[in-house]
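Asks: Spelled out from the first residue to the last, the chains are:
Protein chains: 2
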Amino acid sequence: MTKLKNDLLLRAAKGEYTERTPVWLMRQAGRILPEYRAVRESLNGFIDLVKNPERAAEVTIQPVDILGVDAAIIFSDILVIPEAMGLPYEMQEKKGPNFPKTIQTAADLQQLKVADAASDLGYVAEAIRITKKELNGRVPLIGFAGAPFTIFTYMVEGSGSKTFSKARKMMYQNPTLSHQLLQMITDSTILYLKEQIKAGADIVQIFDSWAGILPPQQYEEFGLRYISQICDAIQEVPKTVFAKGAFFARKSIANLACDVIGLDWNMDAKESRQLIGEQKTLQGNLDPCVLYAPYDVIRKETKQMIDDFGKHRHIANLGHGVYPDIEPDKVKCFIEAVKEFSQK
Amino acid sequence: MTKLKNDLLLRAAKGEYTERTPVWLMRQAGRILPEYRAVRESLNGFIDLVKNPERAAEVTIQPVDILGVDAAIIFSDILVIPEAMGLPYEMQEKKGPNFPKTIQTAADLQQLKVADAASDLGYVAEAIRITKKELNGRVPLIGFAGAPFTIFTYMVEGSGSKTFSKARKMMYQNPTLSHQLLQMITDSTILYLKEQIKAGADIVQIFDSWAGILPPQQYEEFGLRYISQICDAIQEVPKTVFAKGAFFARKSIANLACDVIGLDWNMDAKESRQLIGEQKTLQGNLDPCVLYAPYDVIRKETKQMIDDFGKHRHIANLGHGVYPDIEPDKVKCFIEAVKEFSQK
Numbered sequence: 001m002t003k004l005k006n007d008l009l010l011r012a013a014k015g016e017y018t019e020r021t022p023v024w025l026m027r028q029a030g031r032i033l034p035e036y037r038a039v040r041e042s043l044n045g046f047i048d049l050v051k052n053p054e055r056a057a058e059v060t061i062q063p064v065d066i067l068g069v070d071a072a073i074i075f076s077d078i079l080v081i082p083e084a085m086g087l088p089y090e091m092q093e094k095k096g097p098n099f100p101k102t103i104q105t106a107a108d109l110q111q112l113k114v115a116d117a118a119s120d121l122g123y124v125a126e127a128i129r130i131t132k133k134e135l136n137g138r139v140p141l142i143g144f145a146g147a148p149f150t151i152f153t154y155m156v157e158g159s160g161s162k163t164f165s166k167a168r169k170m171m172y173q174n175p176t177l178s179h180q181l182l183q184m185i186t187d188s189t190i191l192y193l194k195e196q197i198k199a200g201a202d203i204v205q206i207f208d209s210w211a212g213i214l215p216p217q218q219y220e221e222f223g224l225r226y227i228s229q230i231c232d233a234i235q236e237v238p239k240t241v242f243a244k245g246a247f248f249a250r251k252s253i254a255n256l257a258c259d260v261i262g263l264d265w266n267m268d269a270k271e272s273r274q275l276i277g278e279q280k281t282l283q284g285n286l287d288p289c290v291l292y293a294p295y296d297v298i299r300k301e302t303k304q305m306i307d308d309f310g311k312h313r314h315i316a317n318l319g320h321g322v323y324p325d326i327e328p329d330k331v332k333c334f335i336e337a338v339k340e341f342s343q344k
Numbered sequence: 001m002t003k004l005k006n007d008l009l010l011r012a013a014k015g016e017y018t019e020r021t022p023v024w025l026m027r028q029a030g031r032i033l034p035e036y037r038a039v040r041e042s043l044n045g046f047i048d049l050v051k052n053p054e055r056a057a058e059v060t061i062q063p064v065d066i067l068g069v070d071a072a073i074i075f076s077d078i079l080v081i082p083e084a085m086g087l088p089y090e091m092q093e094k095k096g097p098n099f100p101k102t103i104q105t106a107a108d109l110q111q112l113k114v115a116d117a118a119s120d121l122g123y124v125a126e127a128i129r130i131t132k133k134e135l136n137g138r139v140p141l142i143g144f145a146g147a148p149f150t151i152f153t154y155m156v157e158g159s160g161s162k163t164f165s166k167a168r169k170m171m172y173q174n175p176t177l178s179h180q181l182l183q184m185i186t187d188s189t190i191l192y193l194k195e196q197i198k199a200g201a202d203i204v205q206i207f208d209s210w211a212g213i214l215p216p217q218q219y220e221e222f223g224l225r226y227i228s229q230i231c232d233a234i235q236e237v238p239k240t241v242f243a244k245g246a247f248f249a250r251k252s253i254a255n256l257a258c259d260v261i262g263l264d265w266n267m268d269a270k271e272s273r274q275l276i277g278e279q280k281t282l283q284g285n286l287d288p289c290v291l292y293a294p295y296d297v298i299r300k301e302t303k304q305m306i307d308d309f310g311k312h313r314h315i316a317n318l319g320h321g322v323y324p325d326i327e328p329d330k331v332k333c334f335i336e337a338v339k340e341f342s343q344k
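From first to last, the protein sequence lines are chains H and F. Numbering follows the working numbering, in which position 24 of the first sequence is assigned residue number 24; successive positions increment by one, without gaps. Numbering follows the working numbering, in which position 236 of the second sequence is assigned residue number 236; successive positions increment by one, without gaps.
Keep in mind the hints are simulated off the structure, nothing from the lab. Owing to the predicted nature of the structure, the values given are computational and were not obtained by experimental measurement. Yeah, the Cβ is synthetic: ideal placement off N, Cα and C, and Gly gets one too. One or more hints might be untrue.
To be verified - From the structure, some residues in chain H lie toward chain F, with a derived Cβ separation under 8 Å:
{"id": "1", "residue": "248"}
{"id": "2", "residue": "252"}
{"id": "3", "residue": "255"}
{"id": "4", "residue": "269"}
What the hints assert, rightly or not - Anything over 12 Å on all C-beta distances counts as not near chain H; from chain F, calculated:
{"id": "5", "residue": "2"}
{"id": "6", "residue": "7"}
{"id": "7", "residue": "52"}
{"id": "8", "residue": "123"}
{"id": "9", "residue": "162"}
{"id": "10", "residue": "165"}
{"id": "11", "residue": "169"}
{"id": "12", "residue": "212"}
{"id": "13", "residue": "229"}
{"id": "14", "residue": "245"}
Unchecked claim - Here are the computed lysine-lysine pairs in the BS3-like style, where the Cα-Cα straight-line distance is at most 27 Å:
{"id": "15", "chain 1": "H", "residue 1": "95", "chain 2": "F", "residue 2": "101"}
{"id": "16", "chain 1": "H", "residue 1": "339", "chain 2": "F", "residue 2": "94"}
{"id": "17", "chain 1": "F", "residue 1": "166", "chain 2": "H", "residue 2": "332"}
{"id": "18", "chain 1": "F", "residue 1": "94", "chain 2": "F", "residue 2": "14"}
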């Protein structure tokens with residue numbers, strides 16, 4: 001393996017002291033850069049790009065070159081897991097993902113399999129290998145997967161939703177079936193993350209995008225139970241858990257075998273540190289809409305974030321994926337402000 | 001005024017001891033009852049029903065007769081305020097509200113006026129008068145309005161949204177214009193609630209549906225500042241504030257001049273009581289999806305909720321509006337379980 005020239009992110013994840021706070025953005029690989037859109041338009045849509053290792057590697061590296069972030073995150077999609085389990089999806093422009101078939105019954109479940117990550121998801125591992133080679137040690141590479149509950153929600157609901165009431169109805173009406181599906185997703189995800197790590201991912205992040213729709217007790221039972229299995233199974237690299245909206249679960253997440261906990265922009269830095277304790281690195285959490293503000297406001301708010309988290313055990317990020325209509329220069333302003341204000 | 005035969009809700013709101021916990025449901029007037037749908041289908045859509053005092057009164061009273069709730073809530077819509085300010089909207093089947101014109105600039109703002117509640121919203125007061133007469137003191141009548149921030153969001157965004165980034169962009173790019181619009185909405189809302197009270201509303205609730213999308217500091221500045229003005233201006237009846245998703249603001253809401261604080265189903269009852277103190281009544285907060293569960297689960301979860309809140313200073317409700325596909329018998333099961341388990 002090539003030795004990393006910039007390993008700030010990994011050192012911060014492990015709780016080591018760093019010269020300054022590392023910074024990257026969720027959704028940096030894709031969305032905001034004209035260079036990304038050019039690649040995407042040259043292909044036949046989003047899913048084609050996800051399945052094209054060379055081009056996926058290319059858009060993964062773009063933000064490292066253009067924005068100056070301290071990590072790359074592999075360009076992919078959390079919904080490759082249901083697809084590899086036997087439930088394909090399509091990406092609808094402006095509307096998001098859609099599953100033509102969904103899981104409603106035990107018979108539906110029997111059509112699924114635990115993903116054979118090495119073969120069915122080999123295109124992601126290949127994208128990671130190409131990326132690692134081309135990065136040539138400049139920055140670490142982040143692998144990722146969706147959390148089982150979020151994946152479950154898509155597989156039952158078929159798309160995004162305001163209330164997720166189909167998926168939530170299944171949890172109340174058929175908890176056994178729900179747990180069976182969650183376990184299959186979990187087993188698939190563990191295999192998948194291990195393939196990513198074998199291919200070169202230096203750290204992995206689990207995204208629980210819909211964590212915040214569950215009551216606290218139910219999130220323990222249907223959410224954290226499975227994230228916990230993943231954290232226990234992955235020992236090779238540091239792990240980040242980002243459970244968006246699950247403010248009520250911060251204490252429980254602190255007990256998982258993870259290294260980094262992602263915070264959204266509703267979660268106060270100091271209160272979160274108090275709930276979580278000193279043993280985890282916190283990641284986040286500037287309001288993504290701050291990047292709509294004038295440059296001086298971005299700098300002021302970024303400085304405030306650095307002050308609130310302190311300069312140890314913090315990875316700077318937004319509290320959510322960067323929004324597609326944010327100007328790249330505003331993103332650069334944020335990144336440069338982190339580097340400037342967190343310097344020791 | 002006719003003396004109320006069942007005043008449990010008002011007594012609980014004021015912090016008096018009651019024989020049992022009062023119960024009602026957000027969105028009970030509308031959505032789930034076939035009797036409601038029959039009325040709605042006989043008219044030309046949702047907004048026609050809102051503007052028809054006789055029929056609005058009829059659907060307001062239906063859940064009192066059919067479900068046995070301890071309060072009626074006037075059938076109306078929070079978006080009558082923008083309309084009365086000069087910004088009309090339409091309700092699109094399955095898609096929700098849509099504003100053909102939105103507020104983007106100071107020139108747009110100048111087209112608006114503070115609502116003349118007595119004339120422009122006279123149809124709501126009339127519906128309240130009819131309802132009060134027909135209720136004949138059976139239960140109290142709840143009036144309501146949207147919180148200024150939520151109304152602002154619709155007026156700028158034009159519709160619901162996943163990120164509300166248009167409205168949020170305006171708050172960062174033009175805070176002055178944002179505050180001007182929020183103040184006009186606030187002034188309109190105070191006049192409107194006073195008309196509702198004059199017409200007979202026994203208690204009023206302020207719904208801040210999108211409170212949870214703001215970072216804590218910004219919610220103080222753009223959200224609570226205006227709710228506080230409303231609470232200070234309304235002295236005639238008890239007031240309820242329901243700021244959905246604003247878990248981070250519970251301590252601040254406890255400092256408002258309100259009597260009742262609504263909690264969504266993410267907010268733990270005991271933790272909320274600790275943050276809020278003993279001087280407010282709490283309202284909520286069963287997970288609305290529990291009503292998809294079998295009857296025994298509904299009873300068990302309802303009992304748990306009663307146990308968690310205790311039998312004093314609590315108004316039982318769901319943590320969100322009842323979902324449209326819930327069976328009325330499941331709602332009745334919830335209501336009866338509250339009555340049974342909270343009996344002293």
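Asks: Each hint should be assessed against the structure and marked as holding or not.
Replies: Status of the hints after comparison with the structure:
1. 248: Holds - the Cβ of residue 248(H) comes within 8 Å of chain F, reaching about 6 Å at its closest.
2. 252: Nearest chain F Cβ about 12 Å off; hint violated.
3. 255: Constraint on residue 255(H) not satisfied, violated at 17 Å.
4. 269: Hint violated; residue 269(H) Cβ to chain F Cβ min 10 Å, cut 8 Å.
5. 2: Given a closest Cβ separation of 38 Å, the condition holds.
6. 7: Answer for residue 7(F): holds, closest chain H Cβ roughly 31 Å.
7. 52: holds, 27 Å
8. 123: holds, 28 Å
9. 162: violated, 8 Å
10. 165: violated, 5 Å
11. 169: violated, 4 Å
12. 212: violated, 7 Å
13. 229: Given that every Cβ of chain H is farther than 12 Å from that of residue 229(F), nearest at about 24 Å, it holds.
14. 245: Residue 245(F) is in fact no farther than 12 Å from some Cβ atom of chain H, at 8 Å.
15. 95(H) to 101(F): holds, 22 Å
16. 339(H) to 94(F): Violated - the C-alpha atoms of residue 94(F) and residue 339(H) are around 46 Å apart, more than 27 Å.
17. 166(F) to 332(H): holds, 21 Å
18. 94(F) to 14(F): violated, 38 Å
Checked against the numbered hints given earlier, this structure breaks hints 2, 3, 4, 9, 10, 11, 12, 14, 16 and 18; the rest are met.
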